[in-house]
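Student: Heads up: the protein sequence lines correspond to chains A, B, C and D, in order. The opening position of the first sequence corresponds to residue 1 in the working numbering, with each subsequent residue numbered one higher. The opening position of the second sequence corresponds to residue 1 in the working numbering, with each subsequent residue numbered one higher. The opening position of the third sequence corresponds to residue 1 in the working numbering, with each subsequent residue numbered one higher. The opening position of the fourth sequence corresponds to residue 1 in the working numbering, with each subsequent residue numbered one higher.
Certain hints may be false.
The list treats identical chains as interchangeable, and a pair is accepted whether it falls inside one copy or across any two copies.
Heads up, simulated SDA-like pairs for lysine to any residue below, C-alpha to C-alpha not over 25 Å straight-line [stated by the list, open to error]:
hint	residue 1	residue 2
1	K207	E7
2	K11	A145
3	K260	D142
4	K11	K138
5	K179	E48
If you are wondering where the hints come from, they were derived from the structure by calculation, not from laboratory data. Remember, predicted model here, so these are calculated numbers, not experimental data.
There are 4 protein chains.
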Amino acid sequence: MANSKYEYVKKFEVDDKLPPHNWIVVRIDGCHFHRFSADHAFEKPNDERALNLMNICAVSMLEHFPDIVFAYGVSDEYSFIFKESTQFYERRASKLVPLSVSYFTSVYVMKWNEFFPDKELKHPPYFDGRVICYPRAKIVLDYLAWRQVDCHINNQYNTCFWMLVKSGKTEQEAQESLKGTVSKDKNELLFQQFGVNYDKLPAIFRKGSCVYIEKLEETVKLDDSGNPVKRLRKKVTVGHFDIIGPKFWNEHPYILEEEK
Amino acid sequence: MANSKYEYVKKFEVDDKLPPHNWIVVRIDGCHFHRFSADHAFEKPNDERALNLMNICAVSMLEHFPDIVFAYGVSDEYSFIFKESTQFYERRASKLVPLSVSYFTSVYVMKWNEFFPDKELKHPPYFDGRVICYPRAKIVLDYLAWRQVDCHINNQYNTCFWMLVKSGKTEQEAQESLKGTVSKDKNELLFQQFGVNYDKLPAIFRKGSCVYIEKLEETVKLDDSGNPVKRLRKKVTVGHFDIIGPKFWNEHPYILEEEK
Amino acid sequence: MANSKYEYVKKFEVDDKLPPHNWIVVRIDGCHFHRFSADHAFEKPNDERALNLMNICAVSMLEHFPDIVFAYGVSDEYSFIFKESTQFYERRASKLVPLSVSYFTSVYVMKWNEFFPDKELKHPPYFDGRVICYPRAKIVLDYLAWRQVDCHINNQYNTCFWMLVKSGKTEQEAQESLKGTVSKDKNELLFQQFGVNYDKLPAIFRKGSCVYIEKLEETVKLDDSGNPVKRLRKKVTVGHFDIIGPKFWNEHPYILEEEK
Amino acid sequence: MANSKYEYVKKFEVDDKLPPHNWIVVRIDGCHFHRFSADHAFEKPNDERALNLMNICAVSMLEHFPDIVFAYGVSDEYSFIFKESTQFYERRASKLVPLSVSYFTSVYVMKWNEFFPDKELKHPPYFDGRVICYPRAKIVLDYLAWRQVDCHINNQYNTCFWMLVKSGKTEQEAQESLKGTVSKDKNELLFQQFGVNYDKLPAIFRKGSCVYIEKLEETVKLDDSGNPVKRLRKKVTVGHFDIIGPKFWNEHPYILEEEK
């Protein structure tokens with residue numbers, strides 16, 4: 001029984017290879033997570049367990065997909081950067097995006113109980129995902145800065161908002177109080193009304209999370225002359241740094257190295 | 001603190017709306033499921049529990065995404081057909097594919113224990129997903145026929161192969177025996193050597209699974225004159241039919257109705 | 001001297017095959033033709049010679065590219081419809097559009113002198129071009145109707161506008177007079193003020209131009225018994241019909257025949 | 001009379017903006033120019049008039065489209081490089097390609113008589129055109145090197161081939177003689193058999209043609225103190241240089257300057 005009579009339908013499939021010499025960013029974003037976080041009673045403005053669950057998923061991603069060189073996460077969103085020269089599935093968008101989002105989702109559900117042993121999943125968490133190509137390392141840095149600035153703006157606002165609400169205001173009133181305030185005003189408000197120094201809040205809330213390969217030199221043994229024999233060990237690492245300034249990147253120049 | 005300095009990076013995002021007046025097919029496919037099924041000791045050639053798990057995921061999909069009008073699954077693959085006129089997320093491919101594959105994955109992991117209470121997930125199951133546009137109902141039917149013919153060819157081969165292996169042949173020998181055989185030869189082999197009538201094997205193996213909305217007329221009550229008051233009830237239904245011939249489609253003309 | 005070191009740059013080329021089973025429309029549109037027609041003193045509101053030049057270019061297109069089954073032109077724009085099943089250059093957009101627009105342009109310049117022997121080209125006429133895929137004959141008809149309605153609306157407006165200007169009004173005043181008028185008002189205005197019956201104006205202005213293959217049965221000779229021997233002759237034909245209603249299409253069912 | 005009923009057909013048009021921060025290359029290529037050059041008796045292996053006509057078209061392109069920063073032509077092909085930051089027609093491929101190819105074609109036909117006063121156009125010359133995006137200046141240089149290497153390989157082969165043919169060999173025999181020869185062999189053949197030093201042949205044949213903006217400093221007048229008042233004059237210039245090595249690019253660093 002030949003299949004050929006119907007095989008013409010394959011011709012409708014589209015080639016969607018992404019252009020070479022571009023970093024590929026896959027950004028995953030929780031779908032209806034506003035409701036999902038309400039239904040699962042996430043803490044406000046930040047639920048540390050939920051963030052740690054997102055982070056462990058991202059760590060799994062870097063362990064499973066070796067061409068991901070960096071990931072940055074905030075709230076229910078995570079960006080994964082595939083290295084410029086990746087040939088993963090021939091750079092086909094129809095592979096990179098679904099595989100990333102599906103693997104992430106799978107780990108999220110599997111690890112849920114580890115992070116929320118007291119809560120059962122009430123409905124399936126799921127994520128959308130988009131792919132974007134960036135032609136230069138410099139623009140990838142700007143992309144990451146864009147996400148981290150967003151993290152800062154949202155977190156500062158949400159911190160104020162929930163402080164006000166917890167202090168007795170209605171959500172409506174809290175919103176009104178914050179209308180038109182700039183960053184400095186919000187810091188003042190936190191300090192004056194609640195004695196909170198924004199800059200002392202946990203970095204995971206203020207800076208989001210970075211996942212990357214740390215290259216560690218470690219002494220394996222001593223050689224016959226008693227000198228240390230060293231080895232480079234690669235370790236997927238989570239941190240909460242400033243990635244807008246150059247410091248982190250100067251210390252990790254290999255992460256976004258441009259091809260010659 | 002304005003975000004605008006970095007916001008230019010959004011310009012790299014691509015508009016990927018799918019063309020109007022086309023049926024949209026999203027096909028999900030297990031990634032490395034050969035290994036996944038081995039690691040979880042799925043029965044050969046077909047593991048009914050694994051198929052039922054796939055089917056329950058597909059049912060969840062139709063319940064959750066109302067614009068999916070039909071789904072067809074075989075082995076670790078499932079095709080979902082969105083209706084011609086769907087405006088779901090403005091027909092953006094970057095939404096339809098990741099959301100479908102992520103939701104499916106999420107349900108798969110959540111329901112795993114229900115179907116395999118005796119087996120723990122050893123590693124995350126995950127799926128790829130592609131989108132294809134078909135401009136006419138007739139071609140969607142050909143697409144489905146293509147998948148069902150594939151199901152038949154693979155299942156018949158695998159049934160023979162595993163019968164031979166279970167009867168004592170090596171996998172190598174089984175493969176050799178089947179080289180060059182046509183459909184009829186395989187049916188003969190099954191009947192002669194193993195007393196198996198292929199056509200009597202469970203339809204779920206031979207035909208794959210269809211998920212769709214069945215419209216059932218049911219009597220709600222009797223009216224004052226004693227006549228039945230009827231109501232149309234919609235029910236997501238799983239079946240294992242021939243979808244190559246016209247019978248099923250004639251009985252369910254509303255599923256792939258073309259827009260006027 | 002091997003070229004291979006640099007050949008990687010070919011990988012940046014994109015596959016742009018258009019989807020099968022869609023009619024392909026290439027629409028050509030004069031670029032800066034407002035200025036071009038002013039510089040070459042085209043008659044207002046319609047320059048018959050300019051329209052005839054456009055039409056002769058379209059005729060050349062149908063003679064040169066056999067997969068074009070219909071063309072519709074109005075003003076400085078022309079739409080060419082490639083048949084649903086065309087395999088012309090494997091349906092690659094990067095071939096169909098540039099070749100169409102380039103061939104059209106080439107003929108336009110070559111034939112200019114034939115239509116405007118008294119005018120020299122002052123600067124190069126040129127056209128843009130876009131490609132659109134339509135999945136059903138019915139939608140192609142709607143596309144053509146869209147263009148012909150546009151032709152009607154513009155021509156009626158322009159006819160009034162230039163009548164008013166030629167009668168002594170300024171362009172500003174003419175514009176004011178027409179603000180808010182509907183189709184019927186404009187017909188009244190033409191009749192009352194200028195004694196013009198709009199429906200009697202040349203069809204080429206009111207209806208635009210259609211170019212297509214007319215199949216003519218002609219008698220070649222008489223056979224031995226004196227009966228006529230007939231032959232089907234195909235002839236590229238220009239006409240100015242209504243293509244919104246069904247009449248023309250009923251008489252020429254072969255033009256937009258859908259594949260089975 | 002509203003047009004809205006049909007306007008839905010516009011939804012089938014596709015957004016095709018090219019990604020930011022990429023150089024855009026539009027490459028134009030003569031269609032069926034093998035036949036076109038035979039029909040118009042172009043000289044072999046190179047027709048200098050035909051090349052000069054191509055070059056004048058390219059010059060017109062740079063004069064007309066100010067965002068083209070460089071053009072490179074060989075035989076019946078020309079590549080136009082739009083600057084990295086061009087916003088010409090919002091970087092829409094459906095504008096850049098057709099407009100480029102149409103304008104080029106228009107000038108080609110208009111200027112034909114200037115270059116071939118003795119020959120009439122027998123049929124319309126036309127060109128295809130494709131667009132390619134390159135994310136870095138370095139890759140644009142490799143693209144240009146790819147084309148110039150191609151020019152060299154083809155020209156050397158064709159020079160030998162036509163020398164052999166003109167010396168009495170059949171085309172078949174000439175082809176045989178050249179089979180398997182490398183660059184050095186061909187130079188030897190030209191020198192030994194025909195006394196031709198390949199490197200002394202006109203650069204336009206060996207190197208192709210570059211069109212670019214030369215920035216010239218010129219003295220406008222003397223000021224009151226008798227010192228020269230200088231001005232930067234921009235001039236579209238044609239040259240036949242090596243563009244594989246760094247010399248030309250070092251002298252014209254502004255042409256492919258990368259955005260900061």
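Student: Under the constraints set out in the numbered hints, which ones does this structure not fulfil?
Tutor: The structure conflicts with hint 5 only, although it agrees with all the remaining ones.
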